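Protein chains in written order, with this note's numbering: chain A, 5 to 301; chain B, 59 to 345; chain C, 429 to 703.
To be clear, the hints were calculated from the coordinates, so they are not data collected in a lab. All values derive from a computational prediction rather than experimental measurement.
Between beta-carbon pairs, the in silico distance windows are: (1) Asp452/C <-> Ala254/A: 49 to 55 Å; (2) Gly173/B <-> Ala254/A: 52 to 58 Å; (3) Thr564/C <-> Arg245/A: 55 to 61 Å; (4) Gly513/C <-> Val152/B: 58 to 64 Å; (5) Asn82/A <-> Val152/B: 54 to 60 Å; (6) Asp522/C <-> Arg182/B: 28 to 34 Å; (7) His664/C <-> Asn109/A: 28 to 34 Å; (8) Gly513/C <-> Arg245/A: 52 to 58 Å; (9) Arg132/A <-> Gln235/B: 43 to 49 Å; (10) Leu327/B <-> Gly66/A: 27 to 33 Å; (11) Glu73/A <-> Ser629/C: 39 to 45 Å; (12) Ile125/A <-> Trp175/B: 50 to 56 Å; (13) Ala687/C <-> His80/A: 45 to 51 Å.
Glycine residues also receive a C-beta, built at the ideal position from the N, C-alpha and C atoms.
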Amino acid sequence: MNNLHAKTLDIINLNVTLPNGHRLLRDVSLSLEPGEVRALVGESGAGKSMIGKAVLGILPTGISISQGEILLEGTHLNALTPATRRKTIAQTSALIPQDPLTALNPVRKIGPQITDPLTRIHGWTKARALARTRELLDRVHIRNPDRVLNSYPHELSGGMRQRILIAAAFAPSPRLIVADEPTTALDVTVQKEILRLIRELQQETGTGVLFVTHDMGVVAKISQKVTVLFGGRVVEDAPTRDIFENPEHAYTRALIAATPTPNASIEPFRPVPPALIAELHREIQADDDRFSKRAQP
Amino acid sequence: MVDATYSPRPMRFKVRNLRLWLPLLWIATLIIAAVFAPIFAPHDPLAQDLMLERLPPFFIDGSEPGHLLGTDSLGRDVLSRMIYGARIALFVSVIAAFSTGIFGSTLGLIAGYYGGWWDRVISRLVDIWMAFPPVLFAVLLVAVIGTGLTSVIFAIALIDWTRFARVIRAETMVQAQMDYVDSARIGGARRMATLLSEILPNVLPSIIALLALEMGIAVIVEAILSFVNLSISSDDPTWGSMISEGRGAIHFAWWVLLFPLIALFLTVLSFSTLGEGLKKQFDPVLK
Amino acid sequence: MTDVMTPPQPALFSIKGLHLSFPDRAHRPLFGAAPRIEVLKGLTLDLPEGRITGIVGESGSGKSTLGRVLVRLLAPDAGQVTFDGKDIGALDEDALRPLRRDLQMIFQDPMSSLNPRHKVWRIIAQPMKRYRRGGTRADALKALEKVGLPESFADRYPHELSGGQRQRVGIARAIALEPRFILADEIVSGLDVSSQAQVLSLLKTLAKDMGLTVAFISHDLSVIRHLCDDVIVLNHGEIVDSGPVQTVFEHPKSDITKALLGAIPRPEIDDSWFE
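The following block holds chain A by itself, in its conformation from the complex (with noise of 0.2 Å):
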C-alpha cells in the first residue's frame, strides 16, 4: 500500500464546504516531502487550520470535503472505508494542537494519556511505549520525566505541557505532523525554545510537518516552503526563501509588511491594504461563479 517514493503529502484541488454550500477551501492544492516542513499562512477565515483539520478526518460536524484527493503516503484516503481511513491516519499523522491544556484529559495522568496510544495504535508493547516516552521527554528537556508522567495537566506550566504534547506527537515517529498554532499563546522566549524542538525532532525522525501560523516571523524561522492563504484560497506557493526575498503576491508583501519588528528602521503599523483586499475577495467571488458552473453544468 504505502508506495516508497511517495510524498508524505499530497493534498489535489481540495475543496471543503459547510452544508449551505459556502466553501471554506477552495481548490487547495499543496504537497509535502519527508523531512519538509510547510507552513501554512494567513489571516483568521483564511482557511489554514480547517485544511490540518481536513487531513487529519478531524473536520468540525457538518464541515466535509466536497472534492478533491488527499493522499497520505501515497495512499488515495477518500478511496478508504471510514474505519481503514482512521486507522491509517491514526497509524501515519499526529497533531500538536494550539491550547495545551484542552488537548489533555485534566483527571488523566500524563503517563498513559502519552502511552496509551502507542500500545493501541502502534500495537507497541507497555515496556517499549515507556521507554519511547522516557526518551522523547528527555529529548524535549525535561529533566524529571518520571514525576512528569505522574502528574495531571493541572500541575505544569503552559510550556511544559506544549512539551509533553510534542513529545507525545512524536514518539511513534509518524510520517506527518499537523502543528496547529502551536506557540500562539506562548511567551516569545519559550516559543523560540518549542520552535527549536519541533525542528531538531522533525530533521531527526524525517518528519513532515505541516505548520499552521498567522505569524511570518515564525514562518521565516521554521519552514522550507509556505503557502499563503486568503479566504480559503492558495495566494501564493513558494519555498521560504522566495516567500522573504522576493515575494511574488501583493497580498504576501503585505502580510510581511504588517508583521511587526524591533527594527526602528522599518516603518510601522501598515496593515493590508483595504483595496488589495477587495481585490482578493473579487477573485474569490469569481471563482466561486466558475465553481458553481462546473457543479452544475
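Given chain A's structure and the hints, the job is docking chains B and C onto it.
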C-alpha cells in the same frame, strides 16, 4: 481569534421551533379557556345531576352529546370542571412563579455579586432550606397557615426560592468575572448600577427559563395539595382534586381521572420545554 | 531618534515601593488563610505625562497586575500610587469614582469587556452620561467617528463586529471621557497582524493628538518599539530594565531584556536564529 462578522438572524418559523410553538399553543389554549371559562364551559362546573352520573366521554357508547368528556360520580361535567380548573392552575402558576422568581433571583444576584458576608448567609440559608423534604414542608406549612389559594402560593414561594437563588447566584458569579463588569467600574458605575444594568440583562434568559419551569412546578404542587385536600375547598374544580376524586372511581369511570391528568401532564411539559426554548430565543449570543 | 532630546516631563503617575500579593488558593490549608503569592515586589517607577510607556514581560511577570493597580481595579498591599500629586492607593470606591474619569482602560478581550446585551452606542454613551459629559447618541457617534467606525455600527451588538472593530469600540469608550490616562492591556494580542497595525496606529494618533499618558502592556517588544516612548521590563514582579525605548532596545542592561529581544522571530530569513 474569531474575526467573523455575524449578522442577526430573524426569528423564523421552522420545524425546529416546534419545541417553542407547540407548548405556546397549548398554553395559549389554556389561557383562553381560563379567561373565558363561563363562555366555553358547557355546564356549571359545580352543578350536580345524580341522574347523569358517570357518563362516559363522547367516543364511548352511552355518552350524552352535552357532556363531551363525560361526568363524574356526582354527575358534574368533566370538561367544564377542567376548564374552570385551568383558571386556578394558571392563576396559581403565574403568581407563584413570579413571586418565587423575584424573591429567589434577588437573593441570588446579591449573593453572587456582593459575595463575602452576603454570600455566606444566603448560601447557608439555601443549604438549610434544601435539607427539608419539599412536599412534606408544603403540607406542614399549609396545615399551619390554613388552606386556600394564597396559602398554596405562599408555600410554593417559600419552598422553591432556593432553585432561583442557587442558579442565579452561580450565573451572576460567572458574569461578575467578565471584563465588562470591570469596565463599568472604570466607567464610573456604582455597584448597584453595575448589577442592574450590566449583569442583570445577562442573567435574564436564565431567570426566564426558570420562571417557565417554576410555573410547571407550581401546577404540580397545587395539584398535590388539592389531592390531599389542602388547597381550596374540594367542591371547587381543580385538576388535583379531580384526580383525587377520580382515583376512587378508576375502575368504572376512568375518564374522571385521565382527562385532568393529561391536562396536567401537557401543561407541565409545555412549561418546561418553553423555558428552554425561551432561553435560546432571548439570547442574542448563543443563537 | 528624538527620544534622547525630549526634555524630562513631570510624572503623571509616581509609584513607590509597590507591593501586591494574591492568596494562593491551590495551597489553601483545611483551616485558616491561604498562603500569599507575592506578584509585585516593591516597584518604583514614574509614568511621564503625555508619553506612551510600554510595560513588557512574560506571563507571570506581574505586568497586568501592575496595570490594574494603576487604574485602581486592584489596591496595593503597601507602597504609594500617586496620580497627579494625590495618593490614590488607599482610596475607597466612592472616593475613586470622581477620579476614574481620568483613568480609563482598554481591555485585552474586547468580547468580554463589551457587554453583549448592549448596543455599541450605549456602551460608549453610558460612562459619558455618568460623568455628565454628554451621553447622547450623537455624542457616541462622534466618538465612533474618531476611531474610524461609521454611524451604521452604533446600533450593532458587540458579537456582530469583527475583533478589530470591537477593539475600536473599546478605544472609543475610553477616549469619549477625555481622560488623562489610558491603560491598554494587551489590546492587540487577539488580532490579526493587519487589524493590529490599524488599531495601534489609531491608538498612537489619538494619544498624541489628545496629549494622553498611556501605559501599554504587551508581551510583544516589536510593537512596543514602534508605539512607545519609554519601556519598563518586568520579570517576576521586579523591574529589570527601563528607559527610553531606543536606549533599552539598543543597549539592554538585563539578560531578560536581551533574551526577549533575541527570541522575537523577525519576518526575514536568518539561518543562525536558533543558535
